[in-house]
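Chemist: Sequence:
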Amino acid sequence: MKTLTRRAFNSAALLGSLGANVALADSPDFKLKYMLASSMYGRIDVLECIRQVKAINASCIDLWPPSHGDQRLQIDNIGHEVFLRALSDAGVTFEMSTRYDLGPYRLKDEIEIVKRLGGSMIVCGSRKLNPGDVKPQVQEFIASLKPHAMLAEKAGVRICIENHSSALINSPDSIRYFAELNQSPALGIALAPYHLPQETGTISNLIGHLGDHLAHFYAWEHGMGCHKPMPKPLELMQMPGQGTLDFAPIMSALKDINYSNYTEIFMHPTPRGIPILANANLVSQEINKSRDYLTRCIERI
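In terms of the numbering used here, the sequence shown opens at residue 16 and continues consecutively.
You may find that some hints are simply not true.
List time: in silico DMTMM-like cross-link candidates among lysine to aspartate or glutamate, alpha-carbon distance up to 25 Å [as the list claims (entries may be wrong)]:
hint, residue 1, residue 2
1, Lys247, Asp44
2, Lys270, Asp227
3, Lys48, Asp271
To be clear, the hints were calculated from the coordinates, so they are not data collected in a lab.
Starting from the given sequences, assemble the full structure and let the hints guide the process.
Modeler: Here it is in structure tokens:
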């Protein structure tokens, strides 16, 4: 048997250490890609929203319709070319249109608009949950979306279904069934932890189950809710880092699936249609507090 000398052992250990360091250096750090949700700023001028995109370290914008905001309507009024020039001047892009007002079955025109504006996603809800087994209802819902998904896929647009209270796609089981049954790359889930049990294990497991079906992520917890007036510090508990939900395991789950789609730091004010704070700069500062918190969560994993 050949004896390993101290020098040979040390050399091998050094090479192993260097190899590990090289492997670590080659492994890209996990980071979130941020998008600005215009509804966070209420009904503020869409051009001001565009100016805030880089202030929150985002690269693109999501336009909301009434009642949460009205920037999606604003761009129709000022003209899409004016909107596109403003985006170009600011060095940011349009990526997503949120259209709960249209639902999943009236998106034909919006798909074309999103395509023309250079976007890639539309968020909407699902449909009513009926009594009985959920899985067959999810299967029927996905089948009913086939012609819409075909249009979206042809346009390079993805229809993202948010899990929402009182809707078919809402419970953890319904989300898992969607991931199991969906075969279209033009359909996905926009995951809102706010509407889920506030348990990191449940949310993290769902993320792992969704995998590539996770099209969009809302960094948004339930906190004290969003349906009644309350002191602002309590309302802001919906924001990551201000409530009780630990986002570190959730960030770990996103990392495990190599999540590379967009994240929105999010909440709803009461009443709808107002900015979460008094002016755009304060809104962006509050978003950045949560962004810093999420960065610390990622550093913990």
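Chemist: Take the hints in turn and mark each one as holding or not.
Modeler: Hint check results:
no. : hint            : in the structure
1   : Lys247 x Asp44  : violated (35 Å)
2   : Lys270 x Asp227 : holds (12 Å)
3   : Lys48 x Asp271  : holds (16 Å)
In terms of the numbered hints stated before, the structure departs from hint 1 and from no other.
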